[in-house]
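Protein chains in written order, with the UniProt record's numbering: chain A, 1 to 338; chain B, 1 to 354.
Please keep in mind that the hints were generated in silico from the structure rather than gathered at the bench.
There's no promise every hint is true.
[To be verified] List of simulated lysine-lysine pairs, BS3-like, C-alpha gap at most 30 Å: (1) K110/A x K185/B; (2) K130/A x K185/B; (3) K75/A x K330/B; (4) K185/B x K149/A; (5) K149/A x K164/B; (6) K87/A x K330/B; (7) K204/A x K164/B; (8) K268/A x K330/B; (9) K110/A x K330/B; (10) K164/B x K162/A; (11) K323/A x K204/A; (12) K164/B x K200/A; (13) K227/A x K164/B; (14) K83/A x K130/A; (15) K185/B x K150/A; (16) K150/A x K164/B; (17) K275/A x K206/A; (18) K206/A x K164/B; (19) K330/B x K130/A; (20) K164/B x K178/A.
All figures in this text were calculated on a predicted structure; none of them were measured in a lab.
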Amino acid sequence: MDRSPRVRKTRATALVAACTTGILLVTGCTSSTGGKNAETASNGMVAGRAKTPRMTIAMVTHGVAGDPYWDVVRKGAEAAAAKDNVKLVYSSDPTASNQANLVRNAINQKVDGIAVTLATPDSMRGVLAKAEAAGIPVSAFNQGLDYWKKLGAIGYFGSDEKFAGQMVGNRLNSMGAKHDLCLIHAQGTVALEDRCAGVKSTFKGKTDILYVNGQDMSSVQSTLTAKLRQDPSIDQVTALQATIGTTALSSVKDANSKAKVNTFDLNKDIVSEIKNGSIEFSLDFQPYLQGYLAVDSLWLNKVNGDIIGGGRPTLTGPAFVDKSNIAKVYKYAQNGTR
Amino acid sequence: MSAHTTTPSPSARSATRVQNRTAQRSLMRRFLARPEVGAMIGAIAVYAFFWTVAPSFRAVDSLSTVLYQASTLGLMALPVGLLMIGGEFDLSAGVAVITSSLTASMFAYQLSMNVWMGVIAALLVSLAVGFFNGYVLVKTKLPSFLVTLGSFLMLQGLNLAITKIFTGNVATNDISDMQGFNSAKAVFASDITIVGISMKVTVLWWLLFVAIATWVLLRAKFGNWVFAVGGQNESARAVGVPVSVTKIVLFMLVGLGAWFVGMHQLFEYNTVQSGEGIGNELLYIVAAVIGGCLLTGGYGSAIGPAFGAFIFGMVTQGIVFAGWNPDWFKFFLGVMLLGAMLLNTWVRRQASRR
Numbered sequence: 001m002d003r004s005p006r007v008r009k010t011r012a013t014a015l016v017a018a019c020t021t022g023i024l025l026v027t028g029c030t031s032s033t034g035g036k037n038a039e040t041a042s043n044g045m046v047a048g049r050a051k052t053p054r055m056t057i058a059m060v061t062h063g064v065a066g067d068p069y070w071d072v073v074r075k076g077a078e079a080a081a082a083k084d085n086v087k088l089v090y091s092s093d094p095t096a097s098n099q100a101n102l103v104r105n106a107i108n109q110k111v112d113g114i115a116v117t118l119a120t121p122d123s124m125r126g127v128l129a130k131a132e133a134a135g136i137p138v139s140a141f142n143q144g145l146d147y148w149k150k151l152g153a154i155g156y157f158g159s160d161e162k163f164a165g166q167m168v169g170n171r172l173n174s175m176g177a178k179h180d181l182c183l184i185h186a187q188g189t190v191a192l193e194d195r196c197a198g199v200k201s202t203f204k205g206k207t208d209i210l211y212v213n214g215q216d217m218s219s220v221q222s223t224l225t226a227k228l229r230q231d232p233s234i235d236q237v238t239a240l241q242a243t244i245g246t247t248a249l250s251s252v253k254d255a256n257s258k259a260k261v262n263t264f265d266l267n268k269d270i271v272s273e274i275k276n277g278s279i280e281f282s283l284d285f286q287p288y289l290q291g292y293l294a295v296d297s298l299w300l301n302k303v304n305g306d307i308i309g310g311g312r313p314t315l316t317g318p319a320f321v322d323k324s325n326i327a328k329v330y331k332y333a334q335n336g337t338r
Numbered sequence: 001m002s003a004h005t006t007t008p009s010p011s012a013r014s015a016t017r018v019q020n021r022t023a024q025r026s027l028m029r030r031f032l033a034r035p036e037v038g039a040m041i042g043a044i045a046v047y048a049f050f051w052t053v054a055p056s057f058r059a060v061d062s063l064s065t066v067l068y069q070a071s072t073l074g075l076m077a078l079p080v081g082l083l084m085i086g087g088e089f090d091l092s093a094g095v096a097v098i099t100s101s102l103t104a105s106m107f108a109y110q111l112s113m114n115v116w117m118g119v120i121a122a123l124l125v126s127l128a129v130g131f132f133n134g135y136v137l138v139k140t141k142l143p144s145f146l147v148t149l150g151s152f153l154m155l156q157g158l159n160l161a162i163t164k165i166f167t168g169n170v171a172t173n174d175i176s177d178m179q180g181f182n183s184a185k186a187v188f189a190s191d192i193t194i195v196g197i198s199m200k201v202t203v204l205w206w207l208l209f210v211a212i213a214t215w216v217l218l219r220a221k222f223g224n225w226v227f228a229v230g231g232q233n234e235s236a237r238a239v240g241v242p243v244s245v246t247k248i249v250l251f252m253l254v255g256l257g258a259w260f261v262g263m264h265q266l267f268e269y270n271t272v273q274s275g276e277g278i279g280n281e282l283l284y285i286v287a288a289v290i291g292g293c294l295l296t297g298g299y300g301s302a303i304g305p306a307f308g309a310f311i312f313g314m315v316t317q318g319i320v321f322a323g324w325n326p327d328w329f330k331f332f333l334g335v336m337l338l339g340a341m342l343l344n345t346w347v348r349r350q351a352s353r354r
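The shape of chain A in the complex, shown without the other chains (with noise of 0.2 Å):
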């Protein structure tokens, strides 16, 4: 009973913020600039559709879910897929075993072709032989530079890790830097290590590696703020990574260091910030290149007995993107193809 008088209260109180809302959205009080609206009147990047055979390309790789990057090597896949009039299913996994097993299950399905990216080489051995057995064609993709040929893959398309660090160690000798701190944010991943390893083997400075947690962005923050307070003589730090550059930021802004950040692909936070100056360069794959030249060679294969790159890697990157050129992708990268 002693109960009633509060819940008209409450209810009271609802009706006037549901009624406040109610106006304030009639009356529009929408905003002019971003959001939704700005981002629909800003995409493209549609081309007609092939008069071939309807065919299905089975997409695995070894991304995390709802990781940006394969979200770009994605896009790119489905955008060959709609042009080439391919029916696209993309799955992906971290673990080397999973990722094999996807492969398995798009073998059982009898897809016309399987673009696969080879994180893990050695896993994937066995059930590709099975593939190239049922006679399905594979293209190689992201990673995989050294394997995909051995493996059976008609082409490759994706970058190679060690040179890409080996080209971040020259330009920060020829920035004049002293010490860099490179941040891994997967314990285990061979192609971090191969970035990392190829910084040390051209950069003349000192060369310290960082383990961070990439799935916990503030446990990222907080290591490096500690690692940069400790360290007040570390001048650059390399992320792998762009959410992980965005983070390096703020540790840096935390700990008052005096070190740049520089990192390894693009997304819009990223491409705002070397736009403004606070990150240095950042090297760039091409993530939505692979994606949409694994398809494509997979088509084209199929199609007209196309190879794409003579036997030789295709290769997508590495590029640098800083002051000098960010103005051209600043608006792919917007959009979320770069």
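Chain A is fixed; fit chain B onto it per the hints.
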């Protein structure tokens, strides 16, 4: 313990037809009250569901892919389930699998020995990890959740650090050209063909181990001990069940499972990445729980976790066979697992209703 056994009295045989019918129903009820029946019905439901929505799921090859996925999970869910019946958890189980394969690979490679020596070394290490977990548990009386959380983190660090010390890398070297590799692969990771169906050998091992564990749990003295320590720890001790030994052995069985799955992964994929395995411990527990093992211990079966693993394998592969958008994958997985568990609980409640 919540399971009751009723022995039919001699007079039941000479009973009237009405009484006979009740006797039959109680038999049915007893069947439904088995811990694994809910999961079995759930497995049939999930199978029928994917059979309907995904045409490529119907092929025999697809079933062998599903069974393979289920077997690698089920081989671990089995000892983890037994441990849960014994009232304890093991959070280090997922990482322990990788520890085992890393040990075997590096031991053989670094010392240039026959691969089988690495396999034996890995067995010893895996059993030692299990013994450590069990020993610390019974000595400190800390909850197993905390003890194995500690070993989970320690193993994770050891996996990476020791791999880097020996290989200078984060993955092990390829051992597929070493002596003994082929025979070990034949044991742990070969493809076998049964009546025209190509299948991974792990499926057979899995079924065999489930059969052995079922026999031990229901017929052997050790099985009684497991139920006893999980249900009533103190009473079990009072009636002379060796509680500490039983628990340590259960943890060592998890080690044994980790060794077997670790060996499979090594010989199937030739190299091992040191950072893997994290998170799998929860999948093992999920499979055991779907299979009817109670989180509180003292109740469950050996065959239940097998059905749990089978459901999990069907759902993970079935969603891909159905060609659903992978962005929704985890959501569908959650819905399916929750559905299977609800069905499971419902069946059990129906069975125990008077």
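Hint by hint, here is what the structure shows:
Distance hint between K110/A and K185/B is fulfilled; the C-alpha atoms sit about 27 Å from each other, no more than 30 Å. Of the supplied pair hints, the one linking K130/A and K185/B holds, its CA atoms being roughly 17 Å apart against a limit of 30 Å. About 20 Å separates the Cα atoms of K75/A and K330/B, which keeps this hinted pair within 30 Å; it holds. For the suggested pair K185/B and K149/A, the alpha carbons sit about 24 Å apart, so the restraint of at most 30 Å is met.
As the CA atoms of K149/A and K164/B are separated by approximately 28 Å, the hinted pair is consistent with the 30 Å bound. Restraint check for K87/A and K330/B: the C-alpha separation of about 22 Å stays at or below 30 Å, so the hint holds. For the given pair, K204/A sits about 24 Å from K164/B by alpha-carbon distance, which is consistent with the 30 Å threshold. For the hint pairing K268/A with K330/B, the CA-to-CA distance comes to about 26 Å; that is within 30 Å, so the pair holds.
A threshold of 30 Å between alpha carbons decides the hint, and for K110/A with K330/B the separation of about 24 Å falls inside it, so the pair holds. For the given pair, K164/B sits about 18 Å from K162/A by alpha-carbon distance, which is consistent with the 30 Å threshold. Of the supplied pair hints, the one linking K323/A and K204/A holds, its CA atoms being roughly 24 Å apart against a limit of 30 Å. For the given pair, K164/B sits about 17 Å from K200/A by alpha-carbon distance, which is consistent with the 30 Å threshold.
Only pairs whose Cα atoms come within 30 Å are accepted, and K227/A paired with K164/B is accepted, the gap being roughly 22 Å. With a C-alpha separation of about 29 Å, the suggested pair K83/A and K130/A falls inside the 30 Å cut-off, and the hint holds. Of the supplied pair hints, the one linking K185/B and K150/A holds, its CA atoms being roughly 21 Å apart against a limit of 30 Å. This hinted pair checks out: K150/A and K164/B have alpha carbons roughly 26 Å apart, not beyond 30 Å.
Using a Cα cut-off of 30 Å, the hinted pair K275/A and K206/A holds, with the two alpha carbons roughly 28 Å apart. A C-alpha spacing of about 20 Å is found between K206/A and K164/B, which places the hinted pair at or below 30 Å, so the restraint holds. Proximity of K330/B to K130/A is assessed by CA-CA distance (about 28 Å); at most 30 Å being required, the pair is judged to hold. Simply put, K164/B and K178/A have alpha-carbon atoms about 26 Å apart, close enough for the 30 Å limit, and the pair holds.
Checked against the numbered hints given earlier, this structure breaks none of them.
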